[in-house]
Amino acid sequence: MDAIDITRKNIKRTGQLTNKGNIWERMLNQKELILMSIPFVAYALVFYYLPLAGWVMAFQNFKPAKGLLDQKWVGFKHFIFLFSDKTFLTVIRNTLAMSIINLALGFAFSIGFALLLNEVRQLKIKKLIQTVSYLPHFLSWIIVTGIVLDALSTETGIINQLLMYFNIIQSPINFLADPKYFWGIVGFSNVWKGTGWGSIIYLAAITAISPDLYEAASIDGANRLQKIWHITLPGIKPTIFILLIINMGNVLNAGFEVQYLLGNGLVQRVSQTIDIFVLKYGIGLTNYSLATAAGIFRSVISIILIVIANYAAKAAGEERLF
Amino acid sequence: MNNKSVFKIKVDEILFDVIKWIFLVLFVLATIYPIINTLAVSLNEGADALKGGIFLLPRKFTLENYFLVFKNKNLVQASIITVSRTVIATVLQLFLTAMLSYVLCRKDFIFRKFVTILYVLTMYVNAGLIPNFLLIKHLGLTNNFWVYIVPGMISAFNMIVIRTFMNGLPDSLAESAKVDGASEFKIFINIILPLCKPVLATVALFIAVYQWNSWFDTMLYNAFDNSLTTLQYELMKLLSAVTNQGASAEAMKNSGNMVTPATIRAAATIITAFPIVCLYPFLQRYFVAGLTIGGVKE
Chain A
2 MDAIDITRKN IKRTGQLTNK GNIWERMLNQ KELILMSIPF VAYALVFYYL PLAGWVMAFQ
62 NFKPAKGLLD QKWVGFKHFI FLFSDKTFLT VIRNTLAMSI INLALGFAFS IGFALLLNEV
122 RQLKIKKLIQ TVSYLPHFLS WIIVTGIVLD ALSTETGIIN QLLMYFNIIQ SPINFLADPK
182 YFWGIVGFSN VWKGTGWGSI IYLAAITAIS PDLYEAASID GANRLQKIWH ITLPGIKPTI
242 FILLIINMGN VLNAGFEVQY LLGNGLVQRV SQTIDIFVLK YGIGLTNYSL ATAAGIFRSV
302 ISIILIVIAN YAAKAAGEER LF
Chain B
90 MNNKSVFKIK VDEILFDVIK WIFLVLFVLA TIYPIINTLA VSLNEGADAL KGGIFLLPRK
150 FTLENYFLVF KNKNLVQASI ITVSRTVIAT VLQLFLTAML SYVLCRKDFI FRKFVTILYV
210 LTMYVNAGLI PNFLLIKHLG LTNNFWVYIV PGMISAFNMI VIRTFMNGLP DSLAESAKVD
270 GASEFKIFIN IILPLCKPVL ATVALFIAVY QWNSWFDTML YNAFDNSLTT LQYELMKLLS
330 AVTNQGASAE AMKNSGNMVT PATIRAAATI ITAFPIVCLY PFLQRYFVAG LTIGGVKE
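Protein chains in written order, with our numbering: chain A, 2 to 323; chain B, 90 to 387.
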């Protein structure tokens, strides 16, 4: 009897059943948890929320020598400049084009690879191919772009050598100097790096499909292509759909590492993305105000897209993303 | 089923298999070949490599490229920095993210919702490059090793991955410890943390790979201090050196050099990629599981 009472008291004291009692009691009971969380709240405020105050720079002629509030206010001048600037409009076009190309190629290759891999019956070989396919994901963009530059080199590059071997071209093409190839090169660099990694989630979804369905289809005389088309693909449709929606929210993040590392003066017209624009004006030319304005434009559009995507997912009957 | 349709199904199956294997073999070759080729070039004499035609094996074998990399003080220092940042950041981030996850997996915690939203929002709202750059500058983190560790110390994504795992642990574990009078911190360290090993391995891999492969923070904050640059950044410098000397390649072909920027870069690439390539196959089962936990909350 006594023991139970003491236990009850302990439970009360240590704040386990803390949904009862008023707010001060609960806070007192949870003082350890509160103490533990204070550094994290402080960290988030300083490193994630304080920089948001910097957004006011976009409405000023920011000079680093003066304080943030002693600057000259210029209203929407920088935004108006951005949208009348041909370079910035080109930059938006490049960003959208490259992220849509990356998205389409990424989806097609990851899903295709997952479907093919799922048809491999020899488990050891399947595992081996999988392991190999993850490798590029772990390599940095520095290494990957190095590999791409090597492969496309006019003198020793494997691509030019293969194309010449099969007589498709007569003389080597300098792929990286020609704007018309750049988006494709970026797209396939992403494919090379991301296909295996991207397939993980689809393979996981495929394993959740009931084997009974395949058996029933076999009895009905379906061949393997038909089974893929009528069972596997519909089975992973929800996964495809939800990933598509998530990625739609990221359409202004075309990435910048690959464009930055592969780009050069000759292809600048098609290689510059919003991020590179921000880097060039902000860090390179220390025009903080203009660069911040471009950054805000991207952030705000991204947030709007994510909110829309979230509601689209909900409307389509999928679980909400956040 | 008559014989004819059985035959047709057989032919379909074989055709399907042939096409499947063609694609898979091509895929594996396209993934592996560039790496083997880089390895071959890194083991080849520089001037000879410029003539081209090196595919899977070096033509004139030498270890000179590797010796030169290891003799280069910048690259050695960069390796030390890269290893340090990877180890320190992984341990620190893992511990702190797990601690935050523990606090936020406690369903009775009074500020649970507030702190969760505070962190989840950071996945969607980012102040952008310039405000972050100025913050780092004002905090005195430029030309400073800690710029690799402190910003981005807690990622909301990793927190969600760990928290999802912790939510799956039975509540009774922590409760019985609490009845015995253990403090929250002790419960976290002694009971919860050891049970989270699989998910911690996953997140550790994510953090370590990110740290190992970073170069942008070096370029932005530490580029002027040679003692603080990272391996990837040094590799990038080599890369642009190779690109820029493209025109003079013809001249170098006749110079009879044992090494060229291209072969040194190949050697540095192999050295940089080596630790990860050796490590990731063993952690495969962890990250596959981790990705499916955190990737899509289905």
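No lab work stands behind these hints: they were computed from the structure.
Please read all numbers here as calculations on a predicted model, not as lab measurements.
Beta carbons: idealized from backbone N, C-alpha and C, even for Gly.
Incorrect hints may have been included.
Example chain A residues on the side facing chain B (calculated, C-beta under 7 Å, incomplete) [what the hints assert, rightly or not]: (1) Q31; (2) G55; (3) V57; (4) K78; (5) I143; (6) G147; (7) I148; (8) T157; (9) I201; (10) S219; (11) D221; (12) I229; (13) I304.
Straight line, CA to CA, 20 Å or less: simulated SDA-like cross-link-like pairs of lysine to any residue [unchecked claim]: (14) K128(A) to L372(B); (15) K32(A) to K275(B); (16) K128(A) to A136(B); (17) K32(A) to S272(B); (18) K125(A) to K275(B); (19) K109(B) to L36(A); (20) K67(A) to G229(B); (21) K140(B) to E258(A); (22) K128(A) to L224(B); (23) K128(A) to V366(B); (24) K67(A) to L224(B); (25) K64(A) to V366(B); (26) K275(B) to K64(A); (27) K109(B) to M28(A); (28) K32(A) to A119(B); (29) K202(B) to K67(A); (30) K281(A) to A119(B); (31) K127(A) to Q373(B); (32) K326(B) to S172(A); (33) K267(B) to A43(A); (34) K127(A) to A119(B); (35) K140(B) to K32(A); (36) K128(A) to K140(B).
Keeping to a limit of 20 Å between CA atoms, is the pair of K67(A) and G229(B) held or broken? Between K67(A) and G229(B) the Cα gap is close to 17 Å, so the pair holds against 20 Å.
Does V366(B) lie within 20 Å of K128(A) when you go C-alpha to C-alpha? This hinted pair holds, its Cα atoms lying about 16 Å apart.
Taking the closest Cβ pair, is I304(A) under 7 Å from chain B? At 6 Å from the nearest chain B Cβ, I304(A) passes the 7 Å test, so the hint holds.
Starting from K275(B), check that the Cα of K64(A) is at most 20 Å away, please. 50 Å, violated
Using Cβ atoms only, decide whether G55(A) comes closer than 7 Å to chain B, and label the hint accordingly. Status holds, d = 3 Å.
Hinted contact Q31(A) with chain B - closest CB pair below 7 Å: 6 Å, holds
Taking only the CA atoms, is the gap from K32(A) to K275(B) under or equal to 20 Å? Status holds; Cα separation ~14 Å.
Given pair status - A119(B), K281(A), alpha carbons within 20 Å: Distance ~34 Å between K281(A) and A119(B) Cα, so the pair is violated.
Under 7 Å, Cβ to Cβ, is where T157(A) needs to be relative to chain B, so tell me if that hint holds or is violated. Holds, because the Cβ-Cβ distance from T157(A) to chain B comes to roughly 4 Å (cut-off 7 Å).
For the pair supplied as a hint, K140(B) and K32(A), confirm whether the alpha-carbon distance does not exceed 20 Å. 71 Å, violated
Pairwise hint evaluation, L224(B) against K67(A), where the allowed Cα distance is 20 Å at most: 15 Å, holds
Go through the hint on K78(A) and say holds or violated, using the shortest Cβ distance to chain B against 7 Å. 17 Å, violated
Checked against the numbered hints above, the structure breaks hints 3, 4, 10, 11, 12, 16, 18, 19, 21, 22, 25, 26, 27, 28, 29, 30, 32, 33, 35, 36 and satisfies the rest.
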